[in-house]
Amino acid sequence: MSFILDYYNYWIVVFLMMAGFYIVISANNLVKKIVGLNIFQTSVFMLYISMGKVTGGTAPIVAEGVTQYSNPLPHVLILTAIVVGVATTAVGLALVVRIKRAYGTVEENEFDNKDDVI
Amino acid sequence: MLEQHLAALPIILPLIAAPIALILGRSVLSWGFATLVSGLAFLLSWQLLSAALSEGVISYAVGGWAPPWGIELRVDAANAFVLLAVTAISTLVLVYSKHSIEKEVKATNHTLFYTAHLLCLAGLSGILITGDAFNLFVFLEISSLATYTLVSLASDRRCLTAAFRYLVMGTIGATFILIGVGLLYMKTGTLNMLDLAERIDLYDSSRTINTGLAFIMVGVSIKLALFPLHMWLPPAYTHAPSAVSAFLASTATKVAVYVMIRFIFTVFGIDHVFVDMGMGIILMVLAVVAIFKCSYMATVQSNVKTVLAYSSVAQIGYMILGLSLVSVSGLMASMIHIFNHALMKGALFMAVGAVFYRVGSVEIKDFAGLGRKMPLTMAAFTIAGLSIIGVPLTVGFVSKWYLVSAALEQDQWLVAAFVLVGSLFAVMYIGRVIEAAYFQKLPESRSSEDIKEVSWLMLVPMWVLVIANIYFGIDTSLTTEAANSASEWLFQTNNMLENKVMEGEVLEGHAIEEKAQEVSS
Amino acid sequence: MDFLDIVSSILLLAGVFFGLSGAVGLFRFPDFFTRIHAASVTDSIAAILIIGGLLLQTSFDLNTAKLVFILLFLLVTSPTASHALAKSARHGGLLTLAESSPQDKQESAK
Amino acid sequence: MAEFIDLVLLAMLAMLALTALRIIFLKDLFAVVMLFGIYSFLSALIFLNLDAVDVAFTEASVGAGISTVLMLVTLAMTGRKEKQSTHSSLLPLFVVLVTGAALIYGTLDMPPFGHPDNPVHQHVAPRYIEESPKEVGLPNMVTSVLASYRGFDTLGETVVVFSAVIGVLSLLGVRRKKKKDLESGLETHRVLHVVAKNIIPLVILFALYVQFHGDFGPGGGFQAGVIAAAAFILYALVLGLPKAFAVVGPRFLQWMAAAGVLLYASVGLYSMYKGGQFLDYNQLAADPIAGQHYGIIIIELGVGITVFAVMLNIFYAFGSQAERSNVQ
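For the protein sequence lines, the chains are A, B, C and D, in the order given.
One rule links them: number in our numbering = place in the first sequence (from 1) + 10.
One rule links them: number in our numbering = place in the second sequence (from 1) + 284.
One rule links them: number in our numbering = place in the third sequence (from 1) + 534.
One rule links them: number in our numbering = place in the fourth sequence (from 1) + 94.
Since the hints were derived computationally from the structure, they do not count as laboratory data.
Keep in mind that a hint or two might mislead.
[Said to hold, decoys possible] Distance windows between CB atoms, simulated:
(1) B:Leu726 with D:Lys175: 47 to 57 Å
(2) D:Arg418 with A:Thr65: 46 to 56 Å
(3) D:Arg174 with B:Leu762: 54 to 64 Å
(4) C:Leu547 with D:Leu296: 24 to 34 Å
(5) B:Glu693 with D:Glu224: 45 to 55 Å
[To be verified] Sample of chain D residues lacking proximity to chain B, with all beta carbon distances greater than 10 Å (derived):
(6) Met128
(7) Arg174
(8) Gln178
(9) Val254
(10) Asp381
Quick caveat: nothing in here was measured; it's all calculated off a predicted structure.
Ideal Cβ placement from N, Cα and C applies to all residues, glycine included.
Make the full structure from the sequences, and use the hints.
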């Protein structure tokens with residue numbers, strides 16, 4: 011039982027990551043691929059934040075009468091990673107818009123047929 | 285002042301220059317500025333390499349916070365050597381790109397092009413120099429975002445789908461690296477690479493660490509286009525503007541190879557990776573398959589840029605092969621090939637870009653008769669092509685020589701034979717282009733067109749690389765010395781690491797730093 | 535369990551009830567306009583009740599002020615959002631149930 | 095109490111899993127994007143539950159805010175239906191199963207969740223928790239670590255944002271239109287106009303609060319920049335892009351984005367000039383604590399400026415494309 015209590019959080023996070031990963035590699039629509047990338051990354055963020063948690067701790071902002079704080083370092087890393095994620099999303103979506111204009115479609119199998127694939 | 289900050293400047297300089305290049309606004313101004321900055325970065329990395337060769341390791345604590353609390357920049361012979369190649373190619377490509385970009389990129393995007401180029405350079409330098417696993421991820425993303433932008437700037441619509449594929453694959457790779465770093469951090473509580481190395485050994489057979497290693501390896505393999513994960517590379521290099529192909533083919537994947545070397549040798553330790561996890565044989569098989577499959581693919585393409593792109597994947601196979609031999613000479617062959625391949629591929633892509641500039645297409649059939657119309661360009665292509673094949677007196681020969689002798693050192697006859705057969709394929713794919721250029725007649729339809737040699741601004745950087753191909757092929761002292769001390773250094777760290785931990789000691793560098801910390805606090 | 539706590543719990547429970555009923559309505563109602571009606575219940579009354587309940591849980595410090603601000607903000611924005619949605623739907627030519635006669639429906643069903 | 099919190103966490107994780115599964119099978123992309131917004135908000139709640147207040151704040155404003163808006167604008171141009179895929183889903187499923195199995199294998203040796211003796215909480219982190227209020231002088235440790243100990247990462251992060259705007263501008267470009275060129279904005283929505291005009295100043299005020307209160311509570315340059323950008327995005331949505339261009343033009347935003355990065359970097363250069371390492375804020379004033387304080391305020395300002403300018407400019411780029419495709 012304690013085994014499950016110790017790890018259930020990580021297992022669900024792994025499931026979420028894989029759901030996102032599956033959307034990225036299986037989706038045919040480019041917008042959906044980007045959504046999948048975001049889900050994948052957000053779930054990885056959850057992995058980091060989970061490891062920073064201390065049971066009974068509080069948010070790492072100094073307060074009177076608090077002795078146990080959660081670990082601030084994963085929070086910092088993930089703040090950076092979220093920003094990186096949104097930057098990638100913006101560039102990816104801009105590419106999608108241009109692809110739509112150039113090919114008239116954003117379905118992967120349709121524009122693959124329009125050019126000779128290499 | 286300069287001495288003190290030498291390690292940080294190659295990152296900071298292009299990083300600050302990028303927004304300034306954007307503010308300058310005018311195409312010519314930002315071109316001149318970017319070239320100047322890149323040249324300065326080259327001089328700095330030259331200084332850095334000589335400092336690293338004489339002093340060993342240079343450590344720089346950003347923000348004045350001692351590692352592992354702050355972010356550490358760590359320069360040694362290995363990364364200074366790769367940095368030298370990256371900044372050199374960047375400078376030459378920038379000189380070359382002025383005309384090439386005018387032809388291939390919309391006029392409104394020129395400033396953005398140079399800004400993105402500087403950002404990419406800053407990202408690559410950051411990846412090489414940083415000593416912090418998470419900081420590496422941040423710089424990886426800077427260079428990747430700039431790269432997607434650069435690839436998508438071409439005028440052909442296919443560059444868009446190529447860039448999108450690259451973006452998806454690249455982001456998956458980066459996320460895998462993020463997962464891997466997270467797992468390592470979870471088990472060790474630190475992000476500094478040196479510190480990680482010390483603490484990983486405490487958990488030698490931990491399943492979490494091994495998974496972290498696997499994820500980092502797969503993520504980096506995507507970034508360096510190792511064989512089954514290379515699918516993003518050929519379209520990206522084919523449809524990107526020629527100057528971008530020249531820059532990326534000779535720098536981006538090399539930096540990723542270095543990241544792999546760094547993680548294997550200075551973080552996980554060879555024993556762990558090659559003996560416990562059995563990665564050596566996996567890497568070797570993948571490398572051999574990459575050499576064969578992609579060299580073959582290169583021989584059947586009709587677009588010369590695609591030929592060169594597949595050839596790049598095959599050449600990455602050679603680098604990984606040297607690495608997988610797990611010996612000083614094997615690693616040295618890899619390091620030399622990283623440097624030499626940058627010289628060859630840079631020159632080849634520049635020559636092809638020059639052809640595109642005049643002819644407007646790079647299909648093999650369009651090369652017909654160009655030997656007479658563009659003699660200097662095609663001569664450059666031929667010499668660099670001979671270098672790819674591995675003809676004596678070129679750098680390609682030096683690389684292959686060291687690789688084959690490293691394989692023979694371990695009695696790996698089969699591997700040595702594979703390397704030589706790979707060269708035969710190179711004869712075929714380079715030969716097709718040269719045959720078209722020199723032995724076929726210019727088609728009638730083209731004879732009326734005014735095809736002539738490109739301007740000196742494109743020829744000079746191309747020929748600088750070609751001469752470097754020959755020079756370093758004859759006088760190998762600089763490259764071999766640098767690569768040798770780089771690989772010896774990597775092996776030393778690795779051994780030091782394993783011995784010290786066995787004796788229960790801490791690594792010297794950090795022990796001293798920790799003492800200093802105690803004193804100051 | 536003093537008096538304020540009890541009042542607060544009642545408010546919270548009532549808020550949860552309205553929130554749930556809004557959610558059920560969102561699924562069960564037949565067309566866009568009735569659904570937006572259900573959704574705005576969640577936005578307005580449920581939000582007021584829940585924040586009201588939370589207000590009683592604070593010790594009347596900075597948090598109270600923050601909650602009051604949130605309440606005021608919600609009271610302005612969520613009706614506006616509902617209004618804008620409904621108006622856009624109207625603008626785009628969407629008809630209410632009453633307006634679209636049964637005959638039209640049969641035709642569109644074909 | 096602990097059991098109760100666990101249940102809340104579990105419930106939220108289960109909701110996340112359901113949302114993710116739903117997204118896999120939905121073909122209506124509009125619903126997919128809305129579900130992604132929900133996914134993002136739920137993750138923000140989980141981050142809050144796990145004590146990561148700053149991360150929750152950022153995830154809510156970025157993931158659920160900016161990303162979702164950008165996806166919606168893209169959908170407006172690309173259409174909302176996903177077509178039936180022709181490629182087989184077996185290979186992706188196999189890849190995912192292998193990767194997932196590797197990760198589950200990796201979890202087996204993980205330190206247990208939430209245990210204070212985990213290595214994560216032992217080696218590097220205690221110094222941040224115990225010393226940073228003394229060394230850096232801020233109550234919010236996340237800000238201390240972000241801006242000072244790992245200030246180089248944050249500089250990198252600002253540059254990543256800057257690279258994003260370079261990419262988006264080179265791909266889409268912002269078209270300046272002549273005014274009254276086309277009927278844009280929601281001219282007929284009288285109520286929306288009034289409310290928006292009254293709310294926007296308040297939102298900007300809130301952004302400033304988040305910017306300068308980041309040292310003491312959750313918040314900081316990044317969140318503030320996003321919130322301020324959101325205020326202007328609202329303005330652009332309600333009154334139309336041409337009017338928004340008149341307030342802050344895209345060209346000016348480009349300069350602002352560059353200026354923010356330069357402001358950040360110049361702090362580093364100044365500390366080098368004063369004889370310290372790059373980004374060593376101790377050098378900025380005679381008293382190290384005061385120096386840290388100045389440094390952090392300035393670099394957070396740089397981050398805020400860049401993020402604001404970049405987010406707004408990216409929205410402009412997407413928005414002007416959407417208007418263009420509407421006209422066609």
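Hints the structure fails to honour: 9
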